[in-house]
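Below, each chain spelled out in residue letters.
2 protein chains.
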Amino acid sequence: MRAISRAITAIENASPEAEKLVRELFPHTGRAAIIGITGAPGTGKSTLVDRLAAHYRRSGQSVGIVAIDPTSPFTGGAILGDRIRMQGHALDAGIFIRSMATRGWLGGLAEATAEAALVLDAAGKDVILIETVGVGQDEVDIVRLADCTLVVLVPGMGDDVQNLKAGLMEIADLFVVNKADQPGTDRFERQLRAVLEIVPERDGWRPPVVRTIATENQGVSELAGMIERFGATMQAGGKRSRRRIEHWKQRLVELLHRRLMLRVGRHLDDRQLEVLAAAVAAREKDPFAAVDEVLTKAGIE
Amino acid sequence: MRAISRAITAIENASPEAEKLVRELFPHTGRAAIIGITGAPGTGKSTLVDRLAAHYRRSGQSVGIVAIDPTSPFTGGAILGDRIRMQGHALDAGIFIRSMATRGWLGGLAEATAEAALVLDAAGKDVILIETVGVGQDEVDIVRLADCTLVVLVPGMGDDVQNLKAGLMEIADLFVVNKADQPGTDRFERQLRAVLEIVPERDGWRPPVVRTIATENQGVSELAGMIERFGATMQAGGKRSRRRIEHWKQRLVELLHRRLMLRVGRHLDDRQLEVLAAAVAAREKDPFAAVDEVLTKAGIE
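First to last, the protein sequences are chains A and B. Note that numbering that gives the first Met the number 0 has the first sequence beginning at 0, numbered continuously upward. Note that numbering that gives the first Met the number 0 has the second sequence beginning at 0, numbered continuously upward.
Calculated from the structure, these hints are not laboratory results. What you were told as hints is all true, and nothing was included just to trick you.
In silico lysine-lysine, BS3-like type, Cα no more than 27 angstroms apart, as pairs:
(1) B:284 to A:238
(2) A:248 to B:296
(3) A:296 to B:248
(4) B:19 to A:296
(5) A:284 to A:296
(6) A:296 to B:296
(7) B:238 to A:284
(8) A:284 to B:19
Label pairs and their computed distance ranges (CB to CB):
(9) B:232 to A:180: 43 to 53 angstroms
(10) A:199 to B:193: 45 to 55 angstroms
(11) B:231 to A:1: 51 to 61 angstroms
(12) B:264 to A:27: 30 to 40 angstroms
(13) A:217 to B:274: 45 to 55 angstroms
Backbone N, C-alpha and C define an ideal beta-carbon position, used for all residues, glycine too.
Sequences are here, hints too, so could you generate the full structure?
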């Protein structure tokens with residue numbers, strides 16, 4: 000567990016060893032099932048992830064959890080952390096939990112998450128649960144990494160299902176209505192199903208709706224069963240590998256970005272960037288002219 | 000209004016004229032006050048933005064609104080749109096409302112939003128309201144553009160204030176507790192203030208909490224007053240220009256990214272990217288080797 004932890008830290012810090020590490024691990028990856036879990040704060044995602052993890056452990060599978068903290072470019076993390084929840088699984092060597100936050104401009108959160116998943120995959124975890132909040136571009140990117148994506152909702156969040164945005168609809172392979180003992184659950188589920196009917200099927204699959212009460216462990220094994228059914232459907236149609244190729248297309252573009260930025264960074268330190276930005280803010284220089292200057296210095300274009 | 004609209008469309012589509020356009024507009028920008036409004040779905044942000052806009056209009060200021068749709072890389076938009084809300088202001092030439100969605104990998108949403116704001120700024124809008132959802136990296140980037148950022152909360156979202164993440168705390172210049180007629184408002188505000196006390200002051204300012212009931216137009220002019228007070232405080236301390244320089248540092252990095260990706264794109268069409276991604280997904284090639292191949296072909300490094 001310590002080795003996994005160190006490897007992920009190296010990745011988070013974009014340390015020089017990280018690339019070498021990922022390169023070495025890479026041939027040993029591709030085996031784990033990656034499940035993405037997303038939803039707004041307060042939907043009980045973390046509890047659901049814990050319960051799913053426990054379910055997989057009971058069936059003898061090893062589990063890795065990557066929990067993405069809402070992004071803070073400043074402190075990199077949640078105020079109150081999630082140390083408490085980790086304690087529940089602390090004694091189980093078959094489970095590994097890691098929180099991640101954003102990094103600076105040299106690499107993206109989606110990329111760090113994908114690399115952390117590679118580490119857990121190479122370490123032999125059977126199931127990797129990636130927990131993320133909301134549906135910003137970060138979340139959409141992260142979710143592309145998953146073989147199966149759960150969107151967690153609760154009855155009564157926002158005014159009704161009309162607040163569900165297209166982004167959620169399009170990343171969800173399964174909808175989970177958690178806290179299903181709350182009033183309004185029936186109405187909420189009915190509305191959700193009505194909206195789902197007008198969304199086109201994707202890969203021959205229409206996202207089902209599963210009810211859970213994660214705090215009471217209700218509906219969790221049904222959810223796991225549905226995840227498995229989704230996996231079997233995708234595998235049968237060759238859709239899983241199609242999805243993985245799409246993921247790698249995106250990841251290669253991100254890697255290209257990082258390589259290029261490292262190259263530019265060698266010719267542009269923070270002080271020089273500051274001087275250029277001040278000239279632009281003062282309208283002494285337009286932003287495109289500033290950028291052209293940098294590229295010329297870096298010997299590109 | 001049609002000219003503004005066309006200009007923003009050119010930016011969204013990253014069309015060849017967009018850069019020329021921004022370059023020409025640029026010397027005429029820097030005058031508008033840019034206000035960012037962020038918050039989870041269901042917090043009533045859009046209504047609040049509408050009411051704020053109406054407030055500024057009554058005081059004789061022209062207003063531009065850029066509403067960022069929850070990001071969908073597929074359809075680029077919300078299911079139900081916000082056409083209805085636009086109708087309320089449709090006859091007022093002093094107000095311009097535009098929804099934006101994400102773009103492809105050649106440019107970011109934050110960048111497109113910033114450029115749309117430049118267009119509105121050059122068009123002479125006094126106040127630009129930028130409305131965005133949640134706190135993914137996108138939102139943080141977008142918010143960096145604003146001279147003043149409001150975070151909109153409602154009592155009872157999530158279980159309590161502990162669900163507020165550091166990201167929100169650190170981008171907020173002002174907190175708005177909207178729907179302040181809901182039960183639990185007092186308790187929620189008390190908790191929020193308690194959390195705010197432990198957050199360090201930034202730029203000599205501790206984010207105040209303003210209550211609103213946007214649907215009934217309550218608290219809106221108090222909010223506008225507080226925004227003005229914040230602006231005066233920042234202006235006095237030279238903090239506004241400091242913030243704008245920080246914004247441009249980030250924007251220049253984004254522009255560099257776009258330039259470099261355009262260059263790479265000339266040597267890597269989608270079919271070639273697909274072939275590389277398939278090789279990586281099959282573990283025939285590691286992702287770093289794939290990227291090195293592309294850069295060599297593009298004559299970089």
